[in-house]
Amino acid sequence: MGTLMVIDQPPYGTWAGREALDMAFSLAAFDQPVALLFTGAGVNWLRKSQETTGIGQKSVEKNLSAALIFGVEALYADATACARYGLVPDNMVTGVAMAENSAEVIRQHSHIAFAG
Amino acid sequence: MTEIDTLHILNKAPEHPRSAECLRAIEPGDVLLLIESAVLTLATCSDLQAGITIYALAPDVLARGIAHSTAEASLVDFAAMVELTVQAQKVISW
Amino acid sequence: MTKAKSPERNNEGFLENSSDWSPEIAAIIAAEDQIDLSEKHWEIIGLLREFYKKHEMSPPSNRLFVRSVKEALGEDKGNSIYLMRLFPGTPAKTACRIAGLPRPTNCL
Numbered sequence: 001m002g003t004l005m006v007i008d009q010p011p012y013g014t015w016a017g018r019e020a021l022d023m024a025f026s027l028a029a030f031d032q033p034v035a036l037l038f039t040g041a042g043v044n045w046l047r048k049s050q051e052t053t054g055i056g057q058k059s060v061e062k063n064l065s066a067a068l069i070f071g072v073e074a075l076y077a078d079a080t081a082c083a084r085y086g087l088v089p090d091n092m093v094t095g096v097a098m099a100e101n102s103a104e105v106i107r108q109h110s111h112i113a114f115a116g
Numbered sequence: 001m002t003e004i005d006t007l008h009i010l011n012k013a014p015e016h017p018r019s020a021e022c023l024r025a026i027e028p029g030d031v032l033l034l035i036e037s038a039v040l041t042l043a044t045c046s047d048l049q050a051g052i053t054i055y056a057l058a059p060d061v062l063a064r065g066i067a068h069s070t071a072e073a074s075l076v077d078f079a080a081m082v083e084l085t086v087q088a089q090k091v092i093s094w
Numbered sequence: 001m002t003k004a005k006s007p008e009r010n011n012e013g014f015l016e017n018s019s020d021w022s023p024e025i026a027a028i029i030a031a032e033d034q035i036d037l038s039e040k041h042w043e044i045i046g047l048l049r050e051f052y053k054k055h056e057m058s059p060p061s062n063r064l065f066v067r068s069v070k071e072a073l074g075e076d077k078g079n080s081i082y083l084m085r086l087f088p089g090t091p092a093k094t095a096c097r098i099a100g101l102p103r104p105t106n107c108l
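Note that the protein sequences, when read in sequence, are chains A, B and C.
Okay, so the first sequence: first residue is 1 according to the numbering used here, each after it adds one.
Okay, so the second sequence: first residue is 1 according to the numbering used here, each after it adds one.
Okay, so the third sequence: first residue is 1 according to the numbering used here, each after it adds one.
Accuracy of the hints is not assured; some may be wrong.
[What the hints assert, rightly or not] Here are the computed lysine-lysine pairs in the DSSO-like style, where the Cα-Cα straight-line distance is at most 30 Å:
1) K70(C) - K54(C)
2) K62(A) - K54(C)
3) K53(C) - K62(A)
Read the hints as simulated data drawn from the structure, not as lab findings.
Build the full structure now, drawing on both the sequences and the hints.
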């Protein structure tokens, strides 16, 4: 139930993902159940050790680490996309649930919105 | 200073249709420069073809936390990137 | 005594350059809102600055500010009345301004 924001865009290329994150934070602020699903190139949001000083942007890794504090219920990652990008629990941020079947995750929510 | 015949500059993630199109268009001897979201190509298991020289923009690699998976590419900074474009006879910005 | 050059601020009084921040600057900004900084204020300011270092953002709204404080210090301090008394106005905005952090993005 609740809202699922799907981020299928890579980090830093566009503002789409950040806007989705912002929306998720706003929903959480008003106690609306919300979760995030990262799929496609979007799984790269979840990689550890992003060092962004050279590109003059805030680290999405650090921004994202506030999600659970703010009350976002879950961070899901599409397992197939993670495998494609060499992402395993060891090189990913903590608190991510691997979704073997992300279609199933999508079906479990009542509102689904894609970033961008 | 070696001259480059064709330099391909790719800034699209592997999911973007233009990424596949770029990788198809590259010929042996060409140089590929990965910037922005395209540096993620290095983190995928897709095999970049042999015989091409690959560079990747270091700040973009660091931002995405994939510095350890860039064995196929030489990392360059902004100044070296400019140098590459100057050396190239032809630049294709994908 | 040398006169400290007052750092650049935006039209809402937030520091243009976060590296200009110091406890003395914080006291000056607080005084503009008639706030005399106590231990209780410093506890929240420290928490906010730590939050910013960790997450590269200020809590984007008042509600999320309250939630962040609650997460770190519990219900007694993580409630809007307590924070409103310490930082009148819009607590998130007032507190971030004094702590030398960017303006919370979703505060009016």
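Evaluated hints:
| no. | hint | result |
| --- | --- | --- |
| 1 | K70(C) - K54(C) | holds, 17 Å |
| 2 | K62(A) - K54(C) | holds, 6 Å |
| 3 | K53(C) - K62(A) | holds, 9 Å |
Checked against the numbered hints above, the structure breaks none of them.
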